[in-house]
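Student: Sequence:
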Amino acid sequence: MGTPAFAIPSLKILIEHDYPVLGVVTQPDRPRGRGRKLVAPPVKDYAATANIPVYQPDRVRDETFLEIFRDISPAMVVLVAFGQILPREIIEFPPLGCVNVHPSMLPKYRGAAPMNWAIIRGEEKTGVTIMRIDEGMDSGDILLQEETAIDAAETFDKMHDRLSEMGAQLLLRAVKGIAAGTITRTPQDSSLVTMAPKITRETSRIDWKAPAREIVNLIRGLSSTPGAYALFKGKKLKIFAASWKESLTTGIPGELSALKKEEKIRVTAKDGYVYIEELQLEGKKRMKAGDFLRGYRVYPEDLLE
Numbered sequence: 001m002g003t004p005a006f007a008i009p010s011l012k013i014l015i016e017h018d019y020p021v022l023g024v025v026t027q028p029d030r031p032r033g034r035g036r037k038l039v040a041p042p043v044k045d046y047a048a049t050a051n052i053p054v055y056q057p058d059r060v061r062d063e064t065f066l067e068i069f070r071d072i073s074p075a076m077v078v079l080v081a082f083g084q085i086l087p088r089e090i091i092e093f094p095p096l097g098c099v100n101v102h103p104s105m106l107p108k109y110r111g112a113a114p115m116n117w118a119i120i121r122g123e124e125k126t127g128v129t130i131m132r133i134d135e136g137m138d139s140g141d142i143l144l145q146e147e148t149a150i151d152a153a154e155t156f157d158k159m160h161d162r163l164s165e166m167g168a169q170l171l172l173r174a175v176k177g178i179a180a181g182t183i184t185r186t187p188q189d190s191s192l193v194t195m196a197p198k199i200t201r202e203t204s205r206i207d208w209k210a211p212a213r214e215i216v217n218l219i220r221g222l223s224s225t226p227g228a229y230a231l232f233k234g235k236k237l238k239i240f241a242a243s244w245k246e247s248l249t250t251g252i253p254g255e256l257s258a259l260k261k262e263e264k265i266r267v268t269a270k271d272g273y274v275y276i277e278e279l280q281l282e283g284k285k286r287m288k289a290g291d292f293l294r295g296y297r298v299y300p301e302d303l304l305e
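Take the sequence shown: its position 281, counting from 1, is numbered 281 in our numbering, and each next residue is one higher.
Derived from the structure by calculation, the hints contain no laboratory data.
Some clues are possibly wrong.
[To be verified] Restraint ranges, calculated between C-beta atoms of paired labels, are given here:
#1 16 <-> 296: 14 to 24 Å
#2 55 <-> 194: 26 to 36 Å
#3 158 <-> 301: 30 to 40 Å
Just so you know, even glycine gets a beta-carbon here, dropped at the ideal spot from N, CA and C.
Throw the hints in and build the complete structure from the sequences for me.
Tutor: Below, the structure written as structure tokens:
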């Protein structure tokens, strides 16, 4: 059970190691883009190349799908970024259980956006957890974990690709251990729980009154999807890459300076400066800051809001 590209390495590794994948359950096709054409989830496309049956229920708890699930009768369910909460019947049905690949060191960062929040909050380490699914939100027993350092310049995109591969390798170890009966279950320590809620439009908007380092962490944690943003002359300006420097400042938060030689845009923050390196103005393509400065004049009174 999985939906986005993050889940593909886990499906792929099970197929490559000859585990009999009886079916793939994913979200329904959704309209995308200006034309609102229906687009299949990435996992559906991959499953088709492997000739695996695909099921796309609106709700896995509906009786129509539960009948299909009982007929499939899986020995184990593997869930990776699926997007729906499983009902008790599915959780309790497989004799080898339901397991989840979660990209954090649980119980830290339970929820929808663990990779984003680990970067946004300036964590130095993260990891992958294989857990036994229960009826709570990422609250099941831990089966295996692997920790990894977060590079100071790492973006969400890079972490996504790295942890998806780490998760697949750890899943393979877990499936082998479960089948052999050698995996032990460790309950999560509820006193250490932190949450990683869904990223919203409000989360993504940059507050230039914040410390420069926090602003750059937000930019890294949302790059490239959905993208941290500010308003430039009333238009949304997404920022995908930036650096920071702590310094005494004389300007007001959000004040712009064009650094044409360095091909960067300097923005005043609470305790220093943010140096924008890559951006996208609403209605335009993504570009380097230097290319932006060649097409747009930045005046002393301009502000990012």
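Student: Compare the structure with each hint and give your call.
Tutor: Hints, one by one, checked against the model:
no.: 1; hint: 16 <-> 296: 14 to 24 Å; result: violated, 49 Å
no.: 2; hint: 55 <-> 194: 26 to 36 Å; result: holds, 33 Å
no.: 3; hint: 158 <-> 301: 30 to 40 Å; result: holds, 36 Å
This entry does not satisfy hint 1, going by the numbered hints stated previously; all others are met.
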